[in-house]
Every structure is written in structure tokens, then in C-alpha cells.
Amino acid sequence: MSKKAKPGAGTIGVPKKKEKKDEAIIGTNDYSIVSKRSVEKLYLQDEPQFFRPFIEKPKRRAPLINRGYWLRMQAIEHVVKSFLEESSSKDKIIVNLGCGYEPLPFRMLWRYKDQCQNVKFIDIDFPQLIRRKVGIICKHGMYTDLLQDFTERNNSPEPVLIDHKRYSAIGCDLGDAAAMRDLFLTLQLTTHAVLFLAEVSMVYMEPVEATTLIKICGELPDARFGMLEQHLPAGLDHPFAKTMIDHFNKQTPLRALASYPTIESQRTRFQACGWPEVGIQNLWYLWQYNKLFGNDSKSRLDIVEPFDEWEELALFAGHYFLLSATTFTASKQKFPNTSKNIQNVERSLADFQLLASENSACTGQRRFGAIIDIDDQSFAHHGGIVSTKVQTGYDLYTKNGRAVNVVEPPEHLICHTLTTLHDGTVLFAGGRKSPASPSAACYLRENHTWTRTHELRPARYRHCSVAVTIDSKPSVLVCGGQSGNGSALALWQLYDRELGWRELPCDINIEVFGAAMVATSKTSGVLVGGMSSSGTLLSQYIEWRLIQNGEEGVKLECEQMWDSRSSICRFGACLVRHPCGLILIGGIGTDGVLEADQEIMVITPDGNVKNTKSISALLSTGGSRPMLTGHSVKVIGDDVIIVGGGGVCFSFGAFWNKHQLILRPSEADNKSAWQLLLPKSNILQNAAGKDVPNLHADLNESSDVQEPQKIQSSALHRAKRVPCIDLSSSEDFTALVTKAQPVVLQNLDLGPCLTLWTPEYLKEKTGPDRAVIIHASKEPHLSFLTKNFTYETRPFSQFIDAAMNGQHVYLRALSSANPSKIPAALHRDFPSIAGDFVIPDILEMARENEHSSVLRISGATTMWLHYDVMVNILCQIRGSKKVVLFPPSDIRYLEFVHGETTSGLNVFTTPPEKLEKTHLVETVLEEGKVLFIPACWAHATAPAGEKGMSVAVNVFFRSFENNAYAAGRDVYGNRDLGVYQNGRRDIAKIIEKIAAEPELGRAERINVIARILADEGFRRQVVKGGREIGEGNRVGEKEVLRILRSVEALPDDIGQFYLDRLAVEMEDFAKTCRRDEI
1 MSKKAKPGAG
11 TIGVPKKKEK
21 KDEAIIGTND
31 YSIVSKRSVE
41 KLYLQDEPQF
51 FRPFIEKPKR
61 RAPLINRGYW
71 LRMQAIEHVV
81 KSFLEESSSK
91 DKIIVNLGCG
101 YEPLPFRMLW
111 RYKDQCQNVK
121 FIDIDFPQLI
131 RRKVGIICKH
141 GMYTDLLQDF
151 TERNNSPEPV
161 LIDHKRYSAI
171 GCDLGDAAAM
181 RDLFLTLQLT
191 THAVLFLAEV
201 SMVYMEPVEA
211 TTLIKICGEL
221 PDARFGMLEQ
231 HLPAGLDHPF
241 AKTMIDHFNK
251 QTPLRALASY
261 PTIESQRTRF
271 QACGWPEVGI
281 QNLWYLWQYN
291 KLFGNDSKSR
301 LDIVEPFDEW
311 EELALFAGHY
321 FLLSATTFTA
331 SKQKFPNTSK
341 NIQNVERSLA
351 DFQLLASENS
361 ACTGQRRFGA
371 IIDIDDQSFA
381 HHGGIVSTKV
391 QTGYDLYTKN
401 GRAVNVVEPP
411 EHLICHTLTT
421 LHDGTVLFAG
431 GRKSPASPSA
441 ACYLRENHTW
451 TRTHELRPAR
461 YRHCSVAVTI
471 DSKPSVLVCG
481 GQSGNGSALA
491 LWQLYDRELG
501 WRELPCDINI
511 EVFGAAMVAT
521 SKTSGVLVGG
531 MSSSGTLLSQ
541 YIEWRLIQNG
551 EEGVKLECEQ
561 MWDSRSSICR
571 FGACLVRHPC
581 GLILIGGIGT
591 DGVLEADQEI
601 MVITPDGNVK
611 NTKSISALLS
621 TGGSRPMLTG
631 HSVKVIGDDV
641 IIVGGGGVCF
651 SFGAFWNKHQ
661 LILRPSEADN
671 KSAWQLLLPK
681 SNILQNAAGK
691 DVPNLHADLN
701 ESSDVQEPQK
711 IQSSALHRAK
721 RVPCIDLSSS
731 EDFTALVTKA
741 QPVVLQNLDL
751 GPCLTLWTPE
761 YLKEKTGPDR
771 AVIIHASKEP
781 HLSFLTKNFT
791 YETRPFSQFI
801 DAAMNGQHVY
811 LRALSSANPS
821 KIPAALHRDF
831 PSIAGDFVIP
841 DILEMARENE
851 HSSVLRISGA
861 TTMWLHYDVM
871 VNILCQIRGS
881 KKVVLFPPSD
891 IRYLEFVHGE
901 TTSGLNVFTT
911 PPEKLEKTHL
921 VETVLEEGKV
931 LFIPACWAHA
941 TAPAGEKGMS
951 VAVNVFFRSF
961 ENNAYAAGRD
971 VYGNRDLGVY
981 QNGRRDIAKI
991 IEKIAAEPEL
1001 GRAERINVIA
1011 RILADEGFRR
1021 QVVKGGREIG
1031 EGNRVGEKEV
1041 LRILRSVEAL
1051 PDDIGQFYLD
1061 RLAVEMEDFA
1071 KTCRRDEI
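Using full-length UniProt numbering, the first residue of the sequence shown is number 1, and each one after it goes up by one.
The reader is advised that the hints may include incorrect statements.
Only pairs whose alpha carbons sit at most 27 Å apart, straight line, appear in this in silico DSSO-like list of lysine-lysine [stated by the list, open to error]:
1. Lys-989 x Lys-298
2. Lys-821 x Lys-658
3. Lys-914 x Lys-882
4. Lys-882 x Lys-821
5. Lys-120 x Lys-139
6. Lys-139 x Lys-41
7. Lys-989 x Lys-433
I should point out that these hints are in silico values taken from the structure, not numbers from a laboratory.
Please build the complete structure, drawing on both the sequences and the hints.
Structure follows, in C-alpha cells:
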């Protein structure tokens, strides 16, 4: 946060009510300036850090916030730069109205030094804010060096606190018309060429006061005005607008929107105030307009920070406008006006009705999932982003409540595709967990079993996929997608189970992702819209057809039918085939936000594009407008069922669609027979096709619960014991952390919890009816990868009883305040028992650097193998646990999925030969003892006794330099270090480059790079010896050297741990290349 004023500072004689309102407006500057500092630190690293002195505690914002504020900053800079480039015989003045802590004058004086020789910048804002700003400016040379011999008047009652030929800082209330008019006279603005700027400042003012100020500014003969503010392009009914308004109404209402909600009303407002020339456009359209933001500058953003929140960015940018007005008709302050370009579209309205059926609380809330076809009475919505952790991997929709079997796919990803082939099999292809980590994995479901099939390379997400049949072979056609480096793919690829994937040449090879595609027959179809690598929407309507061309094989013919209809310029839309024609549903358009009647459009067989009034009709009957982004669509008969969807509304909150929507012709009945079944009604099946008992059955019904798992792996018999020691000082513990070897600590004073924490005591103190979220399973071994458990909310007392009875339940306490954003803290989450547990002084390092303190209670469960990036101490309070640990050097033998901190390997039952190359150690952790677990040591736990409950407190703490940890939120303390995340991006670049080379010899080149990463001796020979990477081939050299440099600051074992992980990823790709060569 920025530095705040003391109450009442600089506000002598101001009524308290107005003072409170002013301080609330000033408070909006705090969030804005922190966000702009995040942009500066991330995207403007090579420039002076002008925002830094205003921020006490910098925060790295989420990618969406960074991208949005970058866009705001670039828009304002465009207005300033255009003004500086104007030729004028007059000196120029740039006045920032409501400047806040924005250091714009200094950024412009530094960046456009030559063009600012006859320019003066003036900052105006509330006196109390300007005093604070001036105080900071005067203390830092980066500002004062640009203002030689400036005059500071910080102790003067005069409004001008800094007066310099290049910069002035003035304290004045923008709403005081008389004072502002007098100020303009004093500044002699009538003799200058003037640019007024107002970036999200006047929107908070009373509309009458703001309009008066606009009129006063418009009285100048040579003036321009650049305003950036919010507007309501689709009205207050739109979910983004409602979320935004609700957010600001809590403290600082957007007062201007009541009188000037639209772009056109703002244009009329300025023209009425003496501004004859007014250009205005929303920020999303300006993002598309490459003359303002070139493709190169936009693409560079992806290099710095992977990004895939395009719908959310478009909705944000579509709700903000940039206005450029002038009283000087020769001014060049112009850019394209409103983007409405629908003259080619047939505006007749298709006749459809939209029915909304509300789901039960917190169910059906899923974005960027995929539809699993089941039959003509049911389907499932799989994967994606869900609103709560208790949701299962899919939502089941059926007609008339009929329960069906669902074979759940093996991975939970987002932006993937599930395509039903014409023979009934289903292909799972692509998807991602993070934008930098797309998946190439593909799975085929046949006879109730998912099996791995040929990989889709390059790895991708947001691709299009449809079922086709060619030469009597059921196949899948895939187009485009986004790769791990953010680029769009210009690829058409065909899959069949015998040949795998093959690329199809096509005359229209446009890089595209997020398009919509549908098959209109078994060999033809349509592709609509999409986005390019630079984030520019594509207006395209392509008809494609597959042709069997004799010995030449399959040929793809494409024809671009339309390229200028704004209504089909969509991203993230769904396109489905219906008896009435093709139906295009949702997504974002050229203005970001779609009008209600354009959200759902019908493309008739004769080529007409028709709007529908289905959403408008829903609103007229009291329904709420859905957010049709991230949604999925299924057509069964005449019903078009729309499920899921929603979005993050910038920093204002999140919106989830709470209804399933059924679109059907108006003449059909208006009753919905579709239901979302609650999880307990679902009958799951495992990969072998066998029924799995209802995972939501009452945990007290233990008749079909399996017996506790026996430790069977003979590999554990050769495990070395973890040493057990006493500490004599806090320095001993610090040395132990530095040594990074697991140790059991004994004879420590952990407080009265060792005697007090009986089951009855815990139930009484915590509250028997308190709801807790637990893991519950019918199997003794919990697997995070296969998710063979459910998240259940149960009364605390019932959970404790289940754990005591040896059932397979587990509580990993989360933050009671905000589990998705705040790490767990025992004192905050369980205050009634927190005082019983003490971190002794001898463990001071853990206490002083604490990240989280987690209460863990379990019954008869063995936990999945995983590693934590933060070091931690596991304090056993009640019961005992067997803990098996593996050093970081064993990571390649433990079947960890690339990019994940968990493994599917059950080390307690796995055959010994799988662990023969490992160096495992183990201990039985008894009551009162503490296990120190170093960073990146993989470990798993199991009950040490026959029955009974285990209670422990797990304290995570930091041991590396703060800049080593990955930026952003890490609730669980196990987010991989930034060097690994960056390294995976470099590996993806290497793989992409080598994949483009001839097949012969690719595997060898890849293995050389993998060996450099994994083998220090070989690395020394190649890198330090000056040899080329590969046999005369330097592909990947820059990336490899960058990876090696990035780990130099880490402890040797941690650096090599992450190099090994990257090497294994390269080796796996080499295996794929060998198969291709064969």
C-alpha cells in the first residue's frame, strides 16, 4: 500500500462528511499505484523505477491485473505522446487532473526528453495527497535530477507546492469550480497548447461538478482532453458491470455512471461543454488497433509473464473507454471511433427461447471444461476451473434425474477437448494446468476404459476438435491452439488410432487459438473466429472439407467465406449444429462485451446471421443475465444446453453462472427436464470399468470400508533410519536447516497439547458441530493424481469419530478466513486450541520465518508421495506415523508428473525393483517428537499402529532468499521455485525448435541437452570447456545457459534437483522422437 495521510491532514475547514468522501477517493489511488508498480517491476525492468518510492510493500499482481494496468498506462501514454508530436508555436502544458501518486511527468520527461523541451507537466489533486506526493518526490534523486533547481513550497499555504519550468504540483479540489477557474488564470493556460488528463479520477466526482470542470477546460482555445474511465457498454444487467458497480459502491461509487453510462452519452457530454471534436473508444478495441499497440510490444508481454485470461481482459477493457477531445480543430489527437461494423449482418431475429434452471448451491460452477457425451438422456461437464475445492471432477446432467455410469477421464485439465468419434470412442486431447504448461497427452476411452494414445505435438490448449470419418476410419480433426510460449498454432492435424496424428497441408494456415469449430457432415465443417498470437481477434468464417486423394492420402480444402462481419469476430465462443442452423454462443467480440441480442446468434443454411432475443426475453421476465465465457454447450434433439461459465471480473470479484440454460425454439414447451445431479447421486467407475462404491456414503457405515493397508514393499526393509537427536541451541537448528538432511528432534517442549489433545477435548474446544472439509475415501491409500477421494464437509465431532474408528479420512486444515488465498494458521483457524501448542525457542528460525501452521488429523490413511518446496517441521501430538523420505537426487525414479509436486507412486506397496536406485530413509514419528523435512525431499506417510487417530501440527517456513520463491500466491508451501517454472518455459522453447527439425537425429540432440542438465561432469566438459551443445548444432544453447545460470544462487542439491526434473522432461521427449523415427 502507499503511504496514507493521518486523519484530517491538510483538510482544515473541510466538513467531516466531505473529508470522509475525499479520503475514500484518495484510497482508490492506493490500489492503483501498487498495481502500476507491479507492471513497472515486471514489464519495465530496463527503465527507472519511478513508482518504487511510493510503495512500502510491493506486491506482484495477478497476470490479469498486470495486463489490464499495462493497457491503461499505454493508453494514457499514447494520448501524451500524440500531443508531444503535434507541431505548435506555443509552449505546451500537460495537466493531470486527479493525478494521485502517478509519476507520469517524470516517466515522460525521461522517455521523451527531446520532445519535452518546451513542455510543462502539472499535477493537481487533493491538497493532502499532493503534500504527501511532494514529500516523496523531494527525497529521491530520480525525480529531482529531472527538475534542476526546482522550488519546493511544502510548508506554504499556497496551493503550488512545487514550481519548476518543467513541473508543478498543486493541491486543489477538482470539484471547487471557482478555485479551478482561478488556478487556470494564474497558470496562464490561454497562451499555451494544453492537454488535460483524467485517468479514472473524475468518475468519482459528483456529475454536475465534473461536467462543470470539463466545461471550464473547454473554454480554452487550444485545449485537448484525454479521459480514461469506466462505462457500461451492455448496461447494468451484464454480470461484469454488476460486479464492478457492487465493488465500488462499498466505498467509492462510480458517480458518473448514473448520468453518463455509455460512450455516446460521454461524447454528447463533451460536445455540449464546448469540445467540438470528440473521439472515443473502448480499451479492448484499442488493444486490437495495432497502430496504438504494435504486435511486437504485445507479444513481449507473453515472454515476461504467461497469460491466458483473454475473456476476462476483454471484459475489463470493454468496460473502460479512452476519450480524446479537442477545442483546436487542427489537433491530431484522433483514433478510430466506435467499432460497430455490422452493416453486413442480417439483423432479423431468430425465434428462440432461453430457459434458466438454477443449480443447487455451489454446484455446476465450472469454467473451461469439456463435455463428455454419454447418451441422448445425459452428459457430463468435465475438468475446468471450479469454484470450490469440494466439487468433483465433473458435473452430471441428466433428463428426469436418471443416474448413469461415468468413466472419469484420467486428468483434470482446463481448455482441453473431449471428442466422441463416430464409433462411440472418446478422445481426450491437450489442455493445460497453467498457461506455460500445456499437455500433449491424449487418452482414448473404449469399453469403459481410458488408455494412453499418441501424443498431440506441439502440446497445446484452446484448440478446436471435431469428429470426422475418412476412408471409413473414425477420426478426429484438430485445428490451432496455443502453445506453452503463448504463440498460436497454424496447424490442422488428423488423428486415427492406427496412425496417430498427422499434419494436413492447407492453403489457409492462419495462426489461431480459441476459435469455434463444428462438423456439418462426416467430412466437412466450419471454423469461426479465434485469436492470433498477438491477442488480436480474427474475423473469419472458413468452410473446410476432407478429401481422400488416392495415394496422396487425405487432403484438406479450406475456403474463406467471410472476413469482415464483426458478429463472427469471436473468441472463446461455442459453435454447435442445430436443426435450425449453426448456433454461435457467447465468447467475446471486437468490443469485448457482446450486446445481449448478439450473445446467441444463428447462422442459417442460406448464410444469414440472425440475432436472437432469447437473453433479452429472459431479462424481461426477471431472470439474470449469464456470463457466457468459459461455458460449454451440448445439443440433444432440439435442446441446446449451456452449462458452466463465468469469469474473474478483474479485481472486483468473480462471477459464476448459477443456472443451466436450455435454448430451444419458441414453439417448443417451456419446461426443462434437465437436472444437475448432486455428487452423491453419481456412480463413478474406475479406469478398469468396475463400479466404485458411492464415495459420499455415510462414513459411519464401515461395513464396506477396506482394512488398513499393510506395508508390503520389501524396498522399505533396506531403508536407513532417520537419526534422532537433541538440540542444545537455536544455532544448532539453523545449522541443521542449512545441512538439509532429515532429522527427528526429541525432548522438545511443545506445550500442553501433548496431554490435552484427546478426542473429547478436541471436539469440545473446537466445537462438535463446526464444519470442516476433509478427504474421505473407501481406499486406504489416498492419491492426489487419481483423486480416489472426495472432499466432504462434515461436523468436526463426526470426523473425529470416523478417524478414531480407523476409517480412511484425513483433515488438512485450510484457512478459515480465505482458504484459496491465505495459508493456514493454527492461531487464526483454531483459536480455542492454538494456545496449547508451542513452537519452542530453540526452533526460533521456524517461528520467525513461518509461512503456515497446519493442523493435520487422519484415520487409517496412507498419504500420496509429494515434496514441499518450503522446509517444514512435522510435530506429532497424538498417535504415531511412519514417514518415508527420498533425497532430491532420487526425483527421476519416483514417477513425478512434469510440473507437479505430487507422484502417483505408492511407495508402501510398490515392487522393490522400482525403488532399487533410490536412497530412501524412514522413521516412525511418535508422540512429542518433531521431524525436520528439508526442501524438495519427497515423502509419504502411513499409520504406524493398527488403528487410532493421528494428530500433528505441520509448520512450514522459509529457508531460501525471498526472491528464490515463485512470485504470487502459495497457500500450501509447495509451489515450485521460479527457476523451475522459468526453466520449463525454456525447455518448451527448445522442444519446439527441435521438433521443427528433421526427425533423424533429434533424439540424440535432445539427450545431449538432458545430459548437460543432469550430469555435472559432462556439463563442465561441454559448457565450461566451450564445446557446442550437440554435434555441430547450437539449438537450445541460449536457453540451457539461462537455465544453468538461474540455479547458481540455490543450494547445490536444490539446483541439481530442478535440473534433474528438466532433464527427465527432455528425456521423455527424446523417447517420443525415437518412436517417430522408427
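Comparing the hints with the structure gives:
1. Simply put, Lys-989 and Lys-298 have alpha-carbon atoms about 19 Å apart, close enough for the 27 Å limit, and the pair holds.
2. At roughly 23 Å between alpha-carbon atoms, Lys-821 and Lys-658 fall within 27 Å of each other, so this suggested pair holds.
3. Taking the CA atoms of Lys-914 and Lys-882, the gap is about 20 Å. The hint holds against a cut of 27 Å.
4. For the proposed pair Lys-882 and Lys-821, the alpha carbon gap of about 31 Å is over 27 Å, so the pair is violated.
5. Distance check on the hinted pair: Lys-120 and Lys-139 sit about 21 Å apart at the alpha-carbon level, within 27 Å; holds.
6. A distance of roughly 21 Å separates the Cα atoms of Lys-139 and Lys-41; the hinted pair therefore holds under the 27 Å criterion.
7. Between Lys-989 and Lys-433, the direct Cα distance comes to roughly 18 Å. Compliance with the 27 Å bound is thereby established for this hinted pair.
Hint violations for this structure: number 4 only, all remaining hints satisfied.
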